[in-house]
Amino acid sequence: MSTALPLYAQLINLFAAVILLLAFAMLAQRRVLLLIDLFALQGFTLFLSTLVVAVKTGQHHLYWSAGLTLLLKVLLLPWILHRLVRKLQIKGEVEPLINIPTTMLVGIGLVIIAFNVALPISQLSHTITRGTLGIALAVVMLAFLMMITRKKAITQVVGFLSMENGLFLAATSATYGMPMVVELGIALDVLVGAIILGVFFFQIRDQFDSLDIHHMERLKDN
Amino acid sequence: MPNLLAIDYLLIAASAWAVIGLIGLVAPRNTRFIAKILFPIGAAVGLLAGSVALLALGGTPQTAVLVIGLPDLPFHLRLDNLSAIFILLLGMVAAGISVYAAGYFREGEGTAPGLLCLEYHVFLASMLLVLLADDAYAFMVAWETMALSSFFLVTTNHQQESIRRAGFLYLLIAHVGAIAILLSFGVMTSGSGDYSFAGMRAQQLSPFWASVAYLLALAGFGAKAGLLPLHVWLPEAHPAAPSPVSALMSGVMLKTAIYGLLRVSFDLVGTPLWWWGVVALAVGLATALFGVLYATVQSDMKRLLAYSSIENIGLLGVGIGLALIFHSYRMEGLAALALTAVFYHSLAHAGFKSLLFLCTGSVLHATKERSLGKLGGLIHRMPWVAWLALVGVLASAGLPPLSGFVSEWLLLQGFLFSPGLPHAWLNMVVPVAAAVVALVAAVAGFAMVKFYGIIFLGQMRETSLKHAHDAGPWEKAGLVWLALITVLLGVLPATVILRIDAATRQLLGAGLAERLQEHGWWMLAPISPERASYEPIIFLVTIVLSVWLGRWLVHHLYHGRTRRSPAWDCGYHFQGPRAQDTAEGFSQPIRRIFEPMFRMARHFPTARDKQPYYSVQVEDHFWHWLYLPIARLANWLSTLITSLQGGRIAIYLMYSFITLILLILVARP
Amino acid sequence: MMISLSGLLGQIFSIALALVLAPLLTGWVGMCRAWLQSRSAPPLLQPYYMLRKLFNKDVVLAHGASSLFRVAPFVVFGCMVLACAIIPSLSTNLPLAPAADALALVGVFGLARVFIALAAMDIGTSFGTLGGRREMLIGFLAEPALLMVIFTVAMIVQSTSITTIVETLGHRELAIHPSLAFAGIAFTFVSLAENARVPVDNPATHLELTMIHEAMILEYSGRHLALIEWAAALKLYAYSCLGLALFFPWGIAGGDSFLALLAALPLLLLKLVIGGSVLALIETVSAKMRIFRAPEFLGTAFLLAVLGLLVRLLLELKA
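Chains as they are written, first to last, in the numbering used here: chain R, 1 to 222; chain G, 1 to 669; chain P, 1 to 319.
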């Protein structure tokens, strides 16, 4: 029973659940700015959970990665995205390709799949919070789903970043962190990726006067 | 008086029904004699059969051999607890329907009354024999008699083309189902040639063949019960039949299919595999959701009820699936919980759905109208029917303290245990299935409010409704009897479950009786009162008490003055009956939310229309994606075969001759 | 049945308390809303004044009203009294509690809903049927969500009996259940919808296109309307107490001594005051949705509850 779990493990589970909740909230969200705020909130929850793991295990590099999460995913990236939205004058509503309830239903299905697929894998781990592996996988899948079902390019970037959140969660909570080098590398990748995508946005808009990725379909004919 | 066993009384009942039917043939045109004398006697026979079955519950199985039929192939009959429950259902419900029918059947409606009487009672007798049969031969004979007699009953008003078509569709699917059942029996004998059920029980089938037998049975009985995708006959045949027949078909005949499925999967085929339950659960869920959604969008009151029957059959499928899953993991206590829910829901549905069908019969006779768009306000003209229908409606919506809620409650309690299943996927997917069950139950409430509100409440949509009259005494008696069953099943769940526990115990070796006996008759606590309990009688008393106390207090502390005035018209004084919601308007939210589920043909008025109108027609996807392609295929094949026909006798003779020669060549001693 | 005298008294006390506190809670929410919207607030006792006024008025029945129309307010009121009787507010020692567990409680709310929707259809005005249809729409979306919330909690406690839930959750060592977070959010959504609150319905409007609850009761007047308003207040109280019982069960007395009840009372009042102001805050900061956004809103609640169930199964059973 769960009451046997120590407090820190309960906290990590709680944060993992909140991250999943936020992933769903992002899936259901129609407004771009709120979507970015939700992403920031997800990053903040990830920061908290990493911090708990760091305090518990006393691994110094986890403090670093927690700080990095805070800096990058809570402050820097949302700020960049906010600026992008304002600069590009993206309209408030995200237009989903599939209606939102259906997306959510598919999301539930994905969660069930993720949980069951992660189950045998998590048996390999010896940490007490290995259950969060399923959640991490679910977050990755939900982010993927968001990227598939939205029209606007900016939501796809948010989806991409949220996917990385899921991976990070798996790394910290389930296995108590990867080597520092790997984490730094990923963090850098994400940053560079976001910046490159930002540049792309401008290019796409200049080309098509819109950020709707439907216009990209025209490219294949050329 | 010789010492007769329960099964002998039941055989007497079956023969009595057959004799009553035959007497009807003696005076086929004497409506008065047939309706007022023969049908009430039939009702008494039903009551006898039901009581005998009730007393036989919990006893040891009894067998009998009837030496009719083919030489060396006698009918084996057996009365065990599983049969007894369904005979109880048949007898009690048939009693109410027959009493009602005594007031319902009139002269000049389609088939001659005498013939109708024969068909009706043969139908009853054949259902009784289906429930008693103990070998495949007797079962199939009774099953086919049941299908044929009900076919003739459905086509009572055979002058109408649409009714003939409905009857044909019914007969077709019934036979497809019968073939599947026959094959299933064949697989279960596994070549031993012993077609008795005892012989099938003794067979040790390999998992593959057991699965084949189970799936064939599911398809065959599913066709009769109305499981997806073999449900299409149900919404056609039920509205076509006269109301007592619809009531009998929906309330009782569908349950014989449930009986058959239970008989095969829990009794004959051996230990189930876990995925059998999953299949039944999935099909049941799909059927329930489909049925309830289509019920909400119907504009014909009997079609609405027919779809609602599909929903209830779906719920029964869910219960059977859950019980099979638990049973396959040897969690017999939990399987007993789910199986009890199945039995209870069978009984409950038989009661309230018959009640509702009979109410539509009364409405039909009073108004000559089946379309919801032309009814309304009947509570003023038909208070008896309206208030009794309310009982059925509340039970059908799964509301406490009536019968529908008890089975739903038991089923949900069963689902609450499903995370304990020792299977990685099942213990996550099955609890989610409970969410769908909850949704189905809630949408059923929507459908039932529509049904009741549009027929009985509001203003009368047609002026002719002013001449509607309430049901006659016979009809009232039948309705009251069924409403009583519904209320009692709702209020006394513990008492009823203690009776039907014998059947659960027979199939699973476990039951709920021990736990229930620890508490009083008023309390339903299948596991323990700390875990879950439901006391409908206290529930009912509290609500009635607070209603009564509230009324008393309000009327004594304050004045009870009441004035009458016209309804508020919002400053727009054309608030005629036409301003009310129509049946289509009421279900608009459902059509909108679940749009992909329906195949809709709509016509919207435009601003330029001289005579603007709106119409919507909802059709079944299955027709277009499954049945019509099959029909086209069959047509195409038959055109191919037509080319063989030359019309000259010599050519036909040649075909026979070639066949003969081929057979001689192929067949070897 | 063994019912101790003190248990019986406690039961009667909790019903009486519900009858008294329910209008006060409604009044408190109204006050908070007014403050948050910079209006001058109505007095706390406003709902009582209204009830008194309505009881003293004549009942004006429409010509087409049937007996069902006259019975319905009493049935609805009776259902709500029963609901308040079985939800522990002060003490878990309620002799009536075994009569209905959490699943049956959903049924009680359903029964009340069906009756009021039928009564709305009885007169046969366009508003009545419109209200009835919308109420059933909200109902069939909210009911499964509520059931799933209850399922989640019931799986934690291994019981659907509300008193057992409170006893187990309220008197155990601190354990964080992430699934309860999901269930709590879903429950908040459902309560807003079921009590005709702002994102879904507006209790203060008579605007034709938006009203749900008000559309159903347009034809009611006098004592009937008073009972319906009182029942609506009781429903809000019942949902508040249910929410408190499921998610903040601390402080509800286990025994039946009178002192324990008295000790639990201030805490209950405090929780209701906080809950009421939170409700007012939610109502102030959110905008009324179009009616066809309501399914999405409640669908989200339903899915969140299902998600809570899944998280419960993953994290708290497998770990």
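The hints are simulated quantities; they were obtained by calculation from the structure and are not laboratory data. Watch out, some of these pointers could steer you wrong.
[Said to hold, decoys possible] Derived Cβ-Cβ restraints for the label pairs, each shown as a range:
#1 121/R x 615/G: 54 to 64 Å
#2 123/R x 600/G: 48 to 58 Å
#3 121/R x 274/G: 20 to 30 Å
#4 171/P x 88/R: 47 to 57 Å
#5 35/P x 518/G: 50 to 60 Å
#6 102/R x 387/G: 36 to 46 Å
Glycine is no exception: its CB is placed at the ideal position from the N, C-alpha and C atoms.
Here's how the hints hold up against the structure:
Range check, residue 121/R to residue 615/G: about 56 Å between beta-carbon atoms, so the 54 to 64 Å window is met. Between residue 123/R and residue 600/G the Cβ separation comes to about 49 Å, which falls inside the hinted range of 48 to 58 Å. A hinted range of 20 to 30 Å holds for the C-beta pair residue 121/R and residue 274/G, which are about 24 Å apart. Between residue 171/P and residue 88/R the beta carbons are some 55 Å apart, a value that agrees with the proposed interval 47 to 57 Å.
Taking 50 to 60 Å as the suggested C-beta distance range, the pair residue 35/P and residue 518/G conforms, at roughly 54 Å. In this structure the hint that residue 102/R and residue 387/G lie 36 to 46 Å apart at CB holds, the actual value being about 42 Å.
Of the numbered hints stated above, none is contradicted by the structure.
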